[in-house]
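Engineer: Residue strings, one per chain:
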Amino acid sequence: MTTQQILLGYFADTNAKAKDLGAGDSLLDRGLLDSMAIVKLIAFLEERFGVQLGDDEFDPDHFETVDAIATLVESKLGEKKS
Amino acid sequence: MDFGLSEEQSAFKKSVYDFAKKELASASAEPKTTRERDKVGGFFREGFDKCAEFGILALPVPEQYGGLGKDVVDCALAMQALGRGCTDSGLLFTISSHVFTCEIPLLQFGSEEQKQRFLPRMVKGELIGCHAMSEPEAGSDAFSLTTSAEKRGDRFVLNGQKTFISNAPIADLFLVFATTNRARGWAGVTGFLVERGAKGLSVGKPLEKMGLKTSPTGEVVLEDVEVPEDMVLGRVGQGSAIFNAEMEWERSCLFALHLGAMERQLEDTIRYAKERKQFGQPIGSFQAVSHKIADMKVRIELAELVLLKVAWLKAKGSRASLESAISKLFVSESFVQNSLDAVQIRGGYGYMAEYEVERDLRDAIGSKIYSGTNEIQKNIIASLLGL
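Going down the list, the sequences are from chains A and B. Counting along the first sequence from 1, when you hit position 29 you're at 29 in the working numbering, and nothing is skipped either side. Just remember that the working numbering sits 1000 ahead of the position in the second sequence, which is counted from 1.
It should be emphasised that the hints constitute simulated quantities derived from the structure, not laboratory data. Don't take every hint at face value.
Lysine-lysine pairs mimicking DSS-like chemistry, simulated, CA-CA at most 30 Å apart [what the hints assert, rightly or not]: (1) B/LYS1199 / B/LYS1151; (2) B/LYS1309 / A/LYS81; (3) B/LYS1070 / B/LYS1368; (4) B/LYS1316 / A/LYS76; (5) B/LYS1368 / A/LYS40; (6) B/LYS1014 / B/LYS1378; (7) A/LYS76 / B/LYS1277; (8) B/LYS1316 / A/LYS81; (9) B/LYS1209 / B/LYS1316; (10) B/LYS1209 / A/LYS40; (11) A/LYS17 / B/LYS1378; (12) B/LYS1316 / B/LYS1022; (13) B/LYS1316 / A/LYS40; (14) A/LYS80 / B/LYS1151; (15) B/LYS1022 / A/LYS19; (16) A/LYS80 / B/LYS1292; (17) B/LYS1316 / B/LYS1039; (18) B/LYS1309 / A/LYS40; (19) B/LYS1292 / B/LYS1050; (20) B/LYS1124 / B/LYS1292; (21) B/LYS1050 / B/LYS1021; (22) A/LYS76 / B/LYS1021; (23) B/LYS1297 / B/LYS1309; (24) B/LYS1378 / B/LYS1368; (25) A/LYS76 / B/LYS1199; (26) A/LYS80 / B/LYS1070; (27) B/LYS1378 / B/LYS1274; (28) B/LYS1277 / B/LYS1309; (29) B/LYS1292 / B/LYS1277.
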């Protein structure tokens, strides 16, 4: 399963509006990521992928789309390996 | 697992307590006592300066900016000791706002130039910071704020109104949250550093509150306030990250003050229950009283455990969204209940201002509201449980 697929699954499970979500769709424009949802998403990312996000990585650009989140997660996983 | 403090931590905590007890007991000029200041809404500037001199304002700031470089656990221990040793909760609330909602965001998100410019002076108490987030129509729904930041050339122009801003009447540096794009909700919120004296920035007269009367609170109005680009804190759109990060600090360190205040209350209440006699016996020998005191102690013990767990998690670099919400909720509810018990045990005397426990109760109520209401903490907890 790719990181994108895991994330799309997460959104589909947690929000009925995310059933037809694409990896490049804007999460903000579709109303899938309010201030509470982002806190919940970060907790999910840290637990599911075993990564730790710094406070300064909590940036809207990193959470614009599923693709953007996947890029962030994969870069954190890469940092962890090295 | 080790629940104990190191010798160094114990000595540090004791030194803060001794300082607070000795140096913050009374001012050299009128109004001298906490009770007198509470009556007139007086800010204990002399106490603030003494705290700066002792190093309280320098606690989490690295040495390169004139600070002590203490971690979250040491900061929480220091706050706990201050809360126990000093009865002026308003002064301590002002200090907490200055340190944890202004210095910390600057440290975590500020440019090197911003840190060099402001932190050394904040540590010395030459600049007082305030954190301007809440608005008349944006309280619990904080990120729905309407204060706007419009980009014009190399600067932003801020317009809007902030309310319930701790330290506003005495602040020199304002961390103002404004939106660069309302349609993006939390993702459009940005932090700006604005200095007192900026054209278009005005501060209303102190608001009259139920408690924490010695901590000045006010409104901030921004009318075409021009802020240069280099006074954006962090990046544009990073305001929510700043806010969430500092709230975790505040929910451990500010609430450690309340833990200390509860310890002070308990010590005073035990003493009172041993001295006060009714029906020929000390009232502490009646279970109606002793059980209340036992409950007070249980709350303090649990509050300390949950609060220091948050501090420990943060000191090792972990996020503590769930734990800090639990801690904030539990400590504040405990503070209110312990204050009610302290009043009830003293009966009529507890209701009188002279005995100074009714002030603790008034001060405690706010803790259920600021740093996110307790209802919002329950929303966070439920949400992180997958509900």
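Engineer: All hints are to be evaluated individually against the structure, with a verdict given for each.
Structural biologist: Verification of the hints:
{"no.": "1", "hint": "B/LYS1199 / B/LYS1151", "in the structure": "holds, 17 Å"}
{"no.": "2", "hint": "B/LYS1309 / A/LYS81", "in the structure": "holds, 29 Å"}
{"no.": "3", "hint": "B/LYS1070 / B/LYS1368", "in the structure": "holds, 27 Å"}
{"no.": "4", "hint": "B/LYS1316 / A/LYS76", "in the structure": "holds, 18 Å"}
{"no.": "5", "hint": "B/LYS1368 / A/LYS40", "in the structure": "holds, 23 Å"}
{"no.": "6", "hint": "B/LYS1014 / B/LYS1378", "in the structure": "violated, 34 Å"}
{"no.": "7", "hint": "A/LYS76 / B/LYS1277", "in the structure": "violated, 65 Å"}
{"no.": "8", "hint": "B/LYS1316 / A/LYS81", "in the structure": "holds, 20 Å"}
{"no.": "9", "hint": "B/LYS1209 / B/LYS1316", "in the structure": "violated, 37 Å"}
{"no.": "10", "hint": "B/LYS1209 / A/LYS40", "in the structure": "violated, 34 Å"}
{"no.": "11", "hint": "A/LYS17 / B/LYS1378", "in the structure": "holds, 24 Å"}
{"no.": "12", "hint": "B/LYS1316 / B/LYS1022", "in the structure": "violated, 33 Å"}
{"no.": "13", "hint": "B/LYS1316 / A/LYS40", "in the structure": "holds, 21 Å"}
{"no.": "14", "hint": "A/LYS80 / B/LYS1151", "in the structure": "violated, 38 Å"}
{"no.": "15", "hint": "B/LYS1022 / A/LYS19", "in the structure": "violated, 63 Å"}
{"no.": "16", "hint": "A/LYS80 / B/LYS1292", "in the structure": "violated, 51 Å"}
{"no.": "17", "hint": "B/LYS1316 / B/LYS1039", "in the structure": "violated, 42 Å"}
{"no.": "18", "hint": "B/LYS1309 / A/LYS40", "in the structure": "holds, 20 Å"}
{"no.": "19", "hint": "B/LYS1292 / B/LYS1050", "in the structure": "violated, 36 Å"}
{"no.": "20", "hint": "B/LYS1124 / B/LYS1292", "in the structure": "violated, 42 Å"}
{"no.": "21", "hint": "B/LYS1050 / B/LYS1021", "in the structure": "holds, 12 Å"}
{"no.": "22", "hint": "A/LYS76 / B/LYS1021", "in the structure": "violated, 47 Å"}
{"no.": "23", "hint": "B/LYS1297 / B/LYS1309", "in the structure": "holds, 18 Å"}
{"no.": "24", "hint": "B/LYS1378 / B/LYS1368", "in the structure": "holds, 12 Å"}
{"no.": "25", "hint": "A/LYS76 / B/LYS1199", "in the structure": "violated, 43 Å"}
{"no.": "26", "hint": "A/LYS80 / B/LYS1070", "in the structure": "holds, 27 Å"}
{"no.": "27", "hint": "B/LYS1378 / B/LYS1274", "in the structure": "violated, 38 Å"}
{"no.": "28", "hint": "B/LYS1277 / B/LYS1309", "in the structure": "violated, 40 Å"}
{"no.": "29", "hint": "B/LYS1292 / B/LYS1277", "in the structure": "holds, 17 Å"}
Of the numbered hints listed earlier, those contradicted by the structure are 6, 7, 9, 10, 12, 14, 15, 16, 17, 19, 20, 22, 25, 27, 28.
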